[in-house]
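Chemist: Let's have the full structure, built from the sequences with the hints guiding it.
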Amino acid sequence: MSTPFLYALVGTGLFALGLFALIIHAHLLRKILALNVMGSGVFMVLVALAKRTGDAPLDAVPHAMVITGIVVAVSATALALTLMLKLNAKSGHAELPDDRRE
Amino acid sequence: MGAVFTEFPWGVILILLPVTGGMLCFLWPQIAKITGLFIVFAVALLVVGLAWQIFDNGVYRHAVGGWGAPLGVDLYADGLSLLMLAITALVGIGISVYSATYFKHEQAVLFWPLWLFLLAALNALFLSADIFNIYVTFELMGLAAVALVALAGSREALGAAMRYLLAALLGSLAYLLGVALLYHGFGTVDIALLAERAEPSPIIWAALGLMGAGLLLKTALFPLHFWLPPAHASAPTPVSALLSALVVKASFYILLRLWLEIFGPLVGGAGVEQLLGLLGAAAILWGSVQALRQTRLKLLIAYSTVAQVGYLFLAFPLVAATGVSAWSAVTYLVLSHALAKAAMFMAAGNLLCFGGHDRIADLDRVVQRLPLTAGAFALAGVSIMGLPPSGGFIGKWLLLEAALMQGRWDLVVVMILGGLLAAGYIFKVLGYAFTQADVSHESKAVPASMEWAALLLAVAAILLGFLAVPVLSLVSIGDPFGIGEVRP
Amino acid sequence: MTLLTWVFDSLLGLSLLWLAWRALACPDLFKAIVLFVAFGLLMALAWVRLAAPDVALAEAAIGAGLTGALLMAALAKLHPTEAHDDFTVPPEKNVTKVWSWQWLPAVAILLVTTGLGYVVLSLPPYAAGLSTEVAANLAISGASNPVTAVLLNFRGYDTLLEIVVLLLALLGVWSLNSASLDRKAAPGIVLDTLARLLTPIFILVAAYLLWVGAHAPGGAFQAGAVLGAAGVLLLLAGWRPRAGLMALPLRLVLVTGPATFVIVAVLTLLMKGQMLEYPPTQAGVLILILETAATVSIGVTLAALFLGGDPRKNNRNKNQT
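Chains as they are written, first to last, in the working numbering: chain E, 295 to 396; chain C, 824 to 1311; chain R, 47 to 367.
By construction, these hints were calculated from the structure, which means they are not laboratory data. A few of these clues could be false.
[What the hints assert, rightly or not] Below, simulated DSS-like cross-link-like pairs (lysine-lysine); rule was C-alpha separation at most 30 Å, straight line:
id, chain 1, residue 1, chain 2, residue 2
1, E, K384, R, K123
2, E, K380, C, K856
3, C, K856, C, K1251
[Unchecked claim] Far from chain E, some chain R residues (derived; all Cβ distances over 10 Å):
id, residue
4, K123
5, R201
6, V219
7, V251
8, A262
9, G290
10, A293
11, I309
12, A329
13, T338
14, V346
Fair warning: this is a prediction, and the values are worked out from it, not measured in the lab. Note that beta-carbon positions come from the ideal geometry of N, C-alpha and C, so glycine has one too.
Modeler: Printed below as a string of structure tokens:
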């Protein structure tokens, strides 16, 4: 298996791991970590498959997209962490009240 | 003079102006309210300019950076985008007028920049022709919306905002993985080029699955609606109105676009439409029953949104045979729900402000005491129930007609049941509004602008019922529904 | 591809998956964050292997560095006693409690991932993407580093919106929290000296990355991240800006990046008729201006995100009382 596909598969694996952790963990910090891992997986698929240009120059467009994505991810993470702290200060829990299964 | 109007880059300014406004509000909080109101009215004028341009020149296309797709990002507006921009501007004005008195200084300073950035995100999203650019607008919209929900500051609101943020980010990531697959499959992220290049392949199915799941989560289609009721119910009232009226529609709009342009022609007829229709039907029944069971007014309205979102998806299985009328129905439902639901949330906000609570059973003769607000709720209710003459009636009638034409009696039954249940929960509220509550409460005066904003939006939802011909001819500019191509 | 690189890539891929798994499953949240940062650094290595040095720099600085700092700061601020219980006991409890239904999402996700893997492998082994278009227009883009050309020129509009996203995140954080500007107690001689030594170096590195980004890996985001790291270090060392700077001056600096973008967008609209269409002769200068403004804003915004609240709010409340 060539490098692009190997890393693209690792990327889908990371996406899956993150998704699983996002679903099963209750602690918000863990959920935020899980979303970051999922994001890394998506970024890896984007960049890995961009290496399929053979001898031609690299495809820089996905690279730029991922840099955009990394900045967006850190923005979202910062907001999520602040929200978690605020929720923890108000409710004493860094977990969501489980009102989903009502 | 005419050339100035037809050449002016209305679309670009529609994005740059609210961004600038947001920054101004951030820099000079003292003048945030004035700036905000000015920008929102200016945006409405820009939409009129864009409409003029589209009437004259046909669809609007702007190659940002002068490169053009596939290298650059394109902006694109046809009749459908124009209607979405118009409804955003219209509801935006109502919400802004309402917010100008609703938010007191501390919160107002935070509300205006967030709202203007959200407005910029909505405009950018409706104008985008590039699926990666849409991802960035989603993040802009999502972070602004979450911060706005959290403005309420209560424990419920913070929990709801957190859940909303997690759902929005998960939806975005699934969407982005789909973008990655499409880009690597077909070498472009421009919607029109993708439509040309895409062919049936595993990539298309995987991208549809990922982007579809992400967008359905953002649109809160049953059973992915779990985040919506708490977020829409616990947010500050103008924010509830914004979220239910506009933000949910934004992800639906993208889903519709992608389906019409890329996925529909390739995988149409393979059962995806039936699945969407089934989920839509489930959403109508589940959302309506839940709405009927609520004891708090804002939660009732939020569950009603879950149900009304369901109607939008009933069109998918009906398009194959009836084409234009099903999509016209969707357009109409989106527009009328935006107006009616914004009005309804604002009316609820007025009641909340008046009595200090939104317990339905304790609504104390508000019809006599707040006639404008009660009128707004009733008129909005007429449109939500789908009674004539209202925008909601046109939408639901067109949808019913499409279902009858295709002999889909199951969907007909669901629509009628949904209408009856909607009547149930709306008359439940009105019933309590007419009668005296067991315990009477202290009440506070409601500012007139908040009452009028709700009433005028509700009246607009009714008036929409008389505008079917111009609205439906407007939406056909640029043939967004590509009627010939959608049929499998 | 030689056997050696194949073995290396496979090991790196497996380590990434293993680290991610440990970071997400490890019951101790502190360890989980450390593992996550390690994961970010390995990701940077993977980006290098994928010939994406710009992404590697961004990942190391932002993905691992600043995200790690944000996570650590948040963990420290979680109620210490409750948080400590959380580190050790409840996750275990969770595991036993949820084990009965965990298999369901696990199986579903496994199936979906297998399908995705199949789809990825179904892609053709060679694809040019947009590399030829990028290469053909690189000469007139104003930057010889293709990634910078895409970020600041070809898809500059995305970058405009993205910088607004960053500002918006700060706005959200500020609307939730206020931050104290009281000088923290002396953090100890080591951190203090380190901060004094490293800050000028970080600023130099940021300036270098900004300058070099036009033709080599680097650019506004990496430079901004390094600048942000300098800010984080100063904040950790107890430094706080003067309260007087917290009102308009700080906000002006934060807005510099997006505002410059908007101004350039309007000017190009007036001159060329298309938003962000640069005249080829001035493209280089315009990109440098945009990148400089963006770097300053990104750096200060990231440091402000680390501070975690509105420094002015606190100040204002104090004035009122």
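Chemist: Each of the hints needs a verdict: does it hold here or not?
Modeler: Tested hints:
1. E:K384 with R:K123: holds, 13 Å
2. E:K380 with C:K856: Holds, at about 27 Å.
3. C:K856 with C:K1251: violated, 37 Å
4. K123: Check fails; 5 Å does not lie beyond 10 Å.
5. R201: violated, 6 Å
6. V219: At roughly 5 Å from the nearest Cβ of chain E, R:V219 sits no farther out than 10 Å, so the non-interface label is violated.
7. V251: holds, 18 Å
8. A262: holds, 13 Å
9. G290: holds, 25 Å
10. A293: With a cut-off of 10 Å, R:A293 remains clear of chain E, as the shortest Cβ separation is near 21 Å.
11. I309: Non-interface label stands for R:I309: nearest chain E Cβ at 21 Å, farther than 10 Å.
12. A329: Per Cβ check, R:A329 is outside 10 Å of chain E; nearest 16 Å; holds.
13. T338: Check passes; 17 Å lies beyond 10 Å.
14. V346: holds, 14 Å
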